[in-house]
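The opening residue of the sequence shown carries number 490 in the working numbering; numbering runs sequentially from there.
A portion of the hints provided could be inaccurate.
Within a straight-line C-alpha distance of at most 25 angstroms, the following computed BS3-like cross-link-like pairs (lysine-lysine) qualify [claimed, not checked]:
1. K550 - K584
2. K502 - K550
3. K584 - K502
These aren't lab readings, by the way, just hints derived from the structure by calculation.
Just so it is clear, the structure is predicted and the values come from calculations on it, not from any experiment.
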Amino acid sequence: KQWYQRRVRVYYKNPNYEDVTTAVDTIQRELECCGVANGPIDWSNGRRYSFATYWISKRSKDTPDSCCVEETIDCGADMAVKDIEKDTVWTQGCKNVLVEKLKEQLVLLRVVAGLGIALPFLGTVGSFYLRKFLTDNSDVFYE
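All chains should be built: construct the whole structure from the sequences, respecting the hints.
Rendered as structure tokens:
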């Protein structure tokens, strides 16, 4: 969180660092989130530890347009400081959304790992039963 906040603090919407702006906007669009931890208010200067100082020096009451549910030009105007209406901007911080997505992926990874362990074990047990069956019934197969 701190590394991300430090990068965004200096570089977001700074014309010399357009790649950071692109990355932040992409993250907010793809994860459907806004800010880092606290949602849209992370973009305002009303917070004691606001993290986007370059952005705040230019547009202290706005969120980036990539925070908007339906993104249009200047849709984030005043969204960092007013009560958020439902379905106007994403209200969760990106850190929280990312943690939830990783937890979902972890469940899937556990299932795949479990299958990766269970299937060879079942194959081994099955091969022992097949050998026993063939040995016990060898007279049927070799007549």
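Hints, one by one, checked against the model:
1. With a CA separation close to 21 angstroms, the supplied pair K550 and K584 stays within the 25 angstroms bound.
2. For the proposed pair K502 and K550, the alpha carbon gap of about 15 angstroms is at most 25 angstroms, so the pair holds.
3. Under the criterion of a C-alpha separation no larger than 25 angstroms, the hint pairing K584 with K502 is consistent with the structure, at around 20 angstroms.
Violated hints: none; the structure is consistent with every hint.
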